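Now for the letters of each chain:
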Amino acid sequence: MQIEVRVQDLVKRYKDLVAIDHLDLEIQKGEIYGLLGPNGSGKTTLINCILSLLRYEKGEVEIFGEPMKPDAYHLKQNIGVVSQEPAVYDELSVYENIDYFCGLYVSDKAVRKKLVEEVIEFVQLGEFRKFRPKKLSGGLLRRLNLACGIAHKPRLIFLDEPTVAVDPQSRNRILEGIRQLRDEGSTIVYTTHYMEEVEFLCDRLSIMDRGKILITGTSDEIKAISRSGETVRVETFDLEETHLKALEALPSVESLEYGQAELVLKMKPKTSGLLDILNYFEHHDIPMTKISSKQPTLNDVFLEITGKELRDDV
Amino acid sequence: MRAFKLYFKVMRSSIAAILTYLGIFVVIFNFIIQAQLPSEKEDLNIQEHKIAVFDADQSTVSKAFTAYLAEHAEIVELEDTEIAVNDALFDGDVYYVIRIPQGFGAQMLDPERNNAELNARGSIYVHLSIASAQLVESYNRTFQVYKQVFGGSIPEGQLEETLDSIRTDLQVEVSTRAFQSGDASKLGLLGLSFNYTFYIIIALLSAVIGGTLISMENQAVKRRDLVSGIPERQRTFGIFLATLLFSVVLWILLIVILYSWLGFDLLNDNRSPWLIGVSFVHMVAILAIVNFFITLLRNKGSVSFFSTVFSLALSFTSGVFVPLEFIQTPVRKLASFTPTVWAVKANETIVNMPEQAPDYFFVWQAMGIMFLMAAAFLCLTLVVRRSRQRSVA
Amino acid sequence: MFKHITKYKTLALVKDQASLFWTLFFPIVLVTVFYLAMSGLLSSDMYQFDPIAVAVVTEDAKQEDLEAFETFLDYVGVPGTPGEDDGPLQADADPEDAYIIYTKVDPDEARALLDKNQIYACVEVGETMTMTAKNARNSSNWRNGSVLHALLERYAQVKNTMSSIGKMAMTGAIRPDPDFGDKIRQAFESDAGLQEEDRGTKQGDVLIYFFALLGYLTIFPMSTTVLSVAEIEANQSPRAARSWLAPYPKWKRFFAEILPVVVLYSILNVIIYYYLGALGVGFGSQTGYILILLLLGTLTGIFMGTAVGSLFKGTPGIKTALGIGLPLAMGFFSGMMAAEIRKMIKDSVPFLHKINPVALVTEGLYSLYNYSTLDRYFEIVIRLSIFLVIAIVLTIIGLRRSNYESL
Numbered sequence: 000m001q002i003e004v005r006v007q008d009l010v011k012r013y014k015d016l017v018a019i020d021h022l023d024l025e026i027q028k029g030e031i032y033g034l035l036g037p038n039g040s041g042k043t044t045l046i047n048c049i050l051s052l053l054r055y056e057k058g059e060v061e062i063f064g065e066p067m068k069p070d071a072y073h074l075k076q077n078i079g080v081v082s083q084e085p086a087v088y089d090e091l092s093v094y095e096n097i098d099y100f101c102g103l104y105v106s107d108k109a110v111r112k113k114l115v116e117e118v119i120e121f122v123q124l125g126e127f128r129k130f131r132p133k134k135l136s137g138g139l140l141r142r143l144n145l146a147c148g149i150a151h152k153p154r155l156i157f158l159d160e161p162t163v164a165v166d167p168q169s170r171n172r173i174l175e176g177i178r179q180l181r182d183e184g185s186t187i188v189y190t191t192h193y194m195e196e197v198e199f200l201c202d203r204l205s206i207m208d209r210g211k212i213l214i215t216g217t218s219d220e221i222k223a224i225s226r227s228g229e230t231v232r233v234e235t236f237d238l239e240e241t242h243l244k245a246l247e248a249l250p251s252v253e254s255l256e257y258g259q260a261e262l263v264l265k266m267k268p269k270t271s272g273l274l275d276i277l278n279y280f281e282h283h284d285i286p287m288t289k290i291s292s293k294q295p296t297l298n299d300v301f302l303e304i305t306g307k308e309l310r311d312d313v
Numbered sequence: 000m001r002a003f004k005l006y007f008k009v010m011r012s013s014i015a016a017i018l019t020y021l022g023i024f025v026v027i028f029n030f031i032i033q034a035q036l037p038s039e040k041e042d043l044n045i046q047e048h049k050i051a052v053f054d055a056d057q058s059t060v061s062k063a064f065t066a067y068l069a070e071h072a073e074i075v076e077l078e079d080t081e082i083a084v085n086d087a088l089f090d091g092d093v094y095y096v097i098r099i100p101q102g103f104g105a106q107m108l109d110p111e112r113n114n115a116e117l118n119a120r121g122s123i124y125v126h127l128s129i130a131s132a133q134l135v136e137s138y139n140r141t142f143q144v145y146k147q148v149f150g151g152s153i154p155e156g157q158l159e160e161t162l163d164s165i166r167t168d169l170q171v172e173v174s175t176r177a178f179q180s181g182d183a184s185k186l187g188l189l190g191l192s193f194n195y196t197f198y199i200i201i202a203l204l205s206a207v208i209g210g211t212l213i214s215m216e217n218q219a220v221k222r223r224d225l226v227s228g229i230p231e232r233q234r235t236f237g238i239f240l241a242t243l244l245f246s247v248v249l250w251i252l253l254i255v256i257l258y259s260w261l262g263f264d265l266l267n268d269n270r271s272p273w274l275i276g277v278s279f280v281h282m283v284a285i286l287a288i289v290n291f292f293i294t295l296l297r298n299k300g301s302v303s304f305f306s307t308v309f310s311l312a313l314s315f316t317s318g319v320f321v322p323l324e325f326i327q328t329p330v331r332k333l334a335s336f337t338p339t340v341w342a343v344k345a346n347e348t349i350v351n352m353p354e355q356a357p358d359y360f361f362v363w364q365a366m367g368i369m370f371l372m373a374a375a376f377l378c379l380t381l382v383v384r385r386s387r388q389r390s391v392a
Numbered sequence: 000m001f002k003h004i005t006k007y008k009t010l011a012l013v014k015d016q017a018s019l020f021w022t023l024f025f026p027i028v029l030v031t032v033f034y035l036a037m038s039g040l041l042s043s044d045m046y047q048f049d050p051i052a053v054a055v056v057t058e059d060a061k062q063e064d065l066e067a068f069e070t071f072l073d074y075v076g077v078p079g080t081p082g083e084d085d086g087p088l089q090a091d092a093d094p095e096d097a098y099i100i101y102t103k104v105d106p107d108e109a110r111a112l113l114d115k116n117q118i119y120a121c122v123e124v125g126e127t128m129t130m131t132a133k134n135a136r137n138s139s140n141w142r143n144g145s146v147l148h149a150l151l152e153r154y155a156q157v158k159n160t161m162s163s164i165g166k167m168a169m170t171g172a173i174r175p176d177p178d179f180g181d182k183i184r185q186a187f188e189s190d191a192g193l194q195e196e197d198r199g200t201k202q203g204d205v206l207i208y209f210f211a212l213l214g215y216l217t218i219f220p221m222s223t224t225v226l227s228v229a230e231i232e233a234n235q236s237p238r239a240a241r242s243w244l245a246p247y248p249k250w251k252r253f254f255a256e257i258l259p260v261v262v263l264y265s266i267l268n269v270i271i272y273y274y275l276g277a278l279g280v281g282f283g284s285q286t287g288y289i290l291i292l293l294l295l296g297t298l299t300g301i302f303m304g305t306a307v308g309s310l311f312k313g314t315p316g317i318k319t320a321l322g323i324g325l326p327l328a329m330g331f332f333s334g335m336m337a338a339e340i341r342k343m344i345k346d347s348v349p350f351l352h353k354i355n356p357v358a359l360v361t362e363g364l365y366s367l368y369n370y371s372t373l374d375r376y377f378e379i380v381i382r383l384s385i386f387l388v389i390a391i392v393l394t395i396i397g398l399r400r401s402n403y404e405s406l
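Residue numbers (numbering that gives the first Met the number 0), protein chains in the order written: chain A, 0 to 313; chain B, 0 to 392; chain C, 0 to 406.
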């Protein structure tokens, strides 16, 4: 598999703080690669180091098999970046903004015109082409921001939380668009806090924290390492203490809680938890009004790996 | 008090910018005062003659003439080029340039002539040209008189003696006395310096208050405040009080700098408190005007442009930089709708106040007018804020 | 790509109506206000000499001194009367060609007149002449002292000469003939042959304020360009970060972005120049050289802004303060607000004066107006060009970073 981005032993410090700590990374051609991590984990710093926007103390970065440098214009020609903060000109219209940024990569007018029209259709901003950014809603602005970053059809695209504060319709459109870009051959690096986006989009993902990559793999691979099994919820009234003790003693049950007519059972991983509970209830003729089961999510794994506190410092 | 405290908290983020403005304007202010500092002389200050002489004749007569000029004026050595002469006149290094042409001596001695050609060039200051011309004419006419004494021509053998006599006759003394003590001159400079504080206050207030005010008037923030328990009236009052306190501190700083240069002993002069009073009232009026315009502006980017235009326009048309009598009447009339011209006129009145039976009626009048202007602009500001409040709600 | 960036920068400039408004409004308003304030100085009436109001006290004078002085007064002045309501002394006759307006009073009255500023000075006639005046600097009359002193000296000199001639006649050194007195009088009254040049110096010296104003306006663009670096440096705006990632060298992008700014301000300063001309402020006939100087000044102002913006690591607030404050300070040091400051700076800190770009433009305009040769002008152009080159080099040094320590 061709490696589009290779990072080896990258170290970046901000004075005493180690923002990137001997990080290795490989991103394959044609994949959507997710980068997850709490605030301050180093995701944006990593991307900026890969792009040579930030100086780093140690390590090597290669893009398309060549070392990445600030003046590697032939590499930059094929890279697109969509930053978290909308980076557009308030004075120019939607069309003019896209044309301007596309023009930094594509000098041929005719080709550029075609590309601009295509990307406007892609992000569905056709009826807003004469609008100025201030007149756009948050979602439309994000779409514009996206369009400006990808209009020149780059081979490698970095998307830094492109759907923050975006309405569901725009969000859907953006996510579908990203998939379409991948299908058309682009490699995409995607950072986000939204787990459902990662599960929907990413072929592979890495979880990052404190400048290190903690785990890399597909969504399923990562979920599989979770120490938690499924969670079973049963709605039942007046469950006796003896039954609670018996249920807790079942080999597949990790822990349980009962309150307000709801029994919540955390099952051990790789066990047939739901079946065991159903059997018990049937066997003891205990009535239940409702039962549900939920497999551990990526969010659960994420919180398990990085810690349950929300860290907003750094 | 919340809005009052908030103003200073918001201002904290622009403290570096505020200090930058303050630094630049204090430097300007220091130079202004330094340039105006009076000499230590107790006597009457009279502008000295500063003359450059180019003697192409080099005769006995021309040399005697030049020696006479040297006794009555400061002779400045200059290169005889157009640029050097122009520069010297323009810079005030020389006020009068005299060219003695060839043949001057012969013409002076010529019995058929009662004068000799002499070229001169003055500076912009016509008074100093007139005074220097008097010097020149005095010598020439006295020489002609002595020619007539000898029947129309001075015998060669008596030329030196005659030249000496002329020189002696022209050595006179006219005493000068200052009507008031040296402090009177300083008081005049104090008045002038107070005028310059008007410009500094206008420029500083409009530059420095604007940014913070606009941040606090941000629509989203205001909306939040309006739904809180704080009445808009209280909020407005808090903001105004904060800007007033800040302005007072700035004003005090400028006054302290001013007096530290000119001497704190000037505070003992009974006119000093009047100057301070006028300056304070002017500051309040300017604050009200600045508040009004900033309320209208709403855009941080416009504030810096506004502050420069407003401060310079007001100062130029109100007699701060250019004496009022040089400003055309229609402009002065227009400027009378602003407080600065009233403050300048009041300062002039105070500085020129007679010692016997001083009459400060005009000063009270000017202060009253400035207060009224402050009140008027304050009301206008409240009206604009009230109408904005309705549109935000 | 250069053209593409320039095109869109121009579009953004033109479409940013708020900034455009202020960019145009500020200089036009300033020039108009300045003209309204200063135009009074331009009219020659303002430099006409007004007769000096004087009180004459003769209580201690001898009879012969009194007669001589009265003759002198008739020769140099006209009698006057104190104005109503403590107004200044008014001439009783036409004061044209008079140097003084005088009134004869006793010492107490003279003090009162002086105290109330109805007169400039009080002259006591006696063995020695004494003039008493206030030292307070009143702009319209503080130079009267020189003229009055010179006149009084003249009187004393004539007295001395007459006395010397009298002694010579008494000792027999000279033998006056019958019309000797007439000849002496004629000699005293003869034209001294003094010819004063006026090459428009006065006009030019007043125009210096307008020269300083134009100089200030050429440097004024610094206030906008000090922030323009934020569009180039990736650590100062997200737009700049996006543009940084484009395959185009930063310094080329910078010049492409700055070109429309240069054009805009150059056109603006040309408009200002012609606007001043339309108002009646003439800068002389060497329009071509003037426009070159203005363009050079504009470029200097623009790149001074970019140099400060790229080298100075401060918040936008501080940069704005510098962008506004520095040109004002430079204009001030060039005498835009107070002419004596220019002289003071030139005397006390000559180096500062030599490198102040506003002062350079001011002096360049002055030299074109006043001098018949262009030597001075070219000297100033060279100095200004060196300053410009330094500003450009500093800008490039400031922009040379290829990447950043932090964003």
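Quick caveat, the hints were computed from the structure, so don't treat them as lab data.
In this text the structure is predicted, and so the values were computed from the model without any measurement.
Worth double-checking, as some hints may not be accurate.
Derived DSSO-like pairs: lysine-lysine, alpha-carbon spacing no greater than 30 angstroms straight-line [as the list claims (entries may be wrong)]:
# : chain 1 : residue 1 : chain 2 : residue 2
1 : A       : K68       : C       : K6
2 : C       : K312      : C       : K249
3 : C       : K249      : A       : K152
Over 12 angstroms on every C-beta distance to chain A, these chain C residues come out as not near it, computed from the model [said to hold, decoys possible]:
#  : residue
4  : I4
5  : D91
6  : K115
7  : Q117
8  : K158
9  : G192
10 : E230
11 : A240
12 : L393
13 : G397
14 : E404
Have a look at the derived ranges for each label pair, beta carbon to beta carbon [stated by the list, open to error]:
#  : chain 1 : residue 1 : chain 2 : residue 2 : range
15 : B       : F370      : C       : D91       : 23 to 31 angstroms
16 : C       : Q16       : B       : F370      : 32 to 40 angstroms
17 : C       : R184      : B       : E70       : 20 to 28 angstroms
18 : A       : L302      : B       : L243      : 32 to 40 angstroms
19 : B       : E47       : C       : F187      : 23 to 31 angstroms
20 : C       : E95       : B       : A55       : 14 to 22 angstroms
21 : B       : I82       : C       : F24       : 52 to 60 angstroms
22 : C       : E95       : B       : E354      : 43 to 51 angstroms
23 : C       : V388      : B       : A105      : 35 to 43 angstroms
Ideal Cβ placement from N, Cα and C applies to all residues, glycine included.
Hints versus structure:
{"no.": "1", "hint": "K68/A x K6/C", "in the structure": "29 angstroms, holds"}
{"no.": "2", "hint": "K312/C x K249/C", "in the structure": "18 angstroms, holds"}
{"no.": "3", "hint": "K249/C x K152/A", "in the structure": "22 angstroms, holds"}
{"no.": "4", "hint": "I4", "in the structure": "8 angstroms, violated"}
{"no.": "5", "hint": "D91", "in the structure": "70 angstroms, holds"}
{"no.": "6", "hint": "K115", "in the structure": "63 angstroms, holds"}
{"no.": "7", "hint": "Q117", "in the structure": "63 angstroms, holds"}
{"no.": "8", "hint": "K158", "in the structure": "80 angstroms, holds"}
{"no.": "9", "hint": "G192", "in the structure": "70 angstroms, holds"}
{"no.": "10", "hint": "E230", "in the structure": "9 angstroms, violated"}
{"no.": "11", "hint": "A240", "in the structure": "6 angstroms, violated"}
{"no.": "12", "hint": "L393", "in the structure": "21 angstroms, holds"}
{"no.": "13", "hint": "G397", "in the structure": "16 angstroms, holds"}
{"no.": "14", "hint": "E404", "in the structure": "6 angstroms, violated"}
{"no.": "15", "hint": "F370/B x D91/C: 23 to 31 angstroms", "in the structure": "43 angstroms, violated"}
{"no.": "16", "hint": "Q16/C x F370/B: 32 to 40 angstroms", "in the structure": "38 angstroms, holds"}
{"no.": "17", "hint": "R184/C x E70/B: 20 to 28 angstroms", "in the structure": "27 angstroms, holds"}
{"no.": "18", "hint": "L302/A x L243/B: 32 to 40 angstroms", "in the structure": "53 angstroms, violated"}
{"no.": "19", "hint": "E47/B x F187/C: 23 to 31 angstroms", "in the structure": "26 angstroms, holds"}
{"no.": "20", "hint": "E95/C x A55/B: 14 to 22 angstroms", "in the structure": "35 angstroms, violated"}
{"no.": "21", "hint": "I82/B x F24/C: 52 to 60 angstroms", "in the structure": "38 angstroms, violated"}
{"no.": "22", "hint": "E95/C x E354/B: 43 to 51 angstroms", "in the structure": "35 angstroms, violated"}
{"no.": "23", "hint": "V388/C x A105/B: 35 to 43 angstroms", "in the structure": "56 angstroms, violated"}
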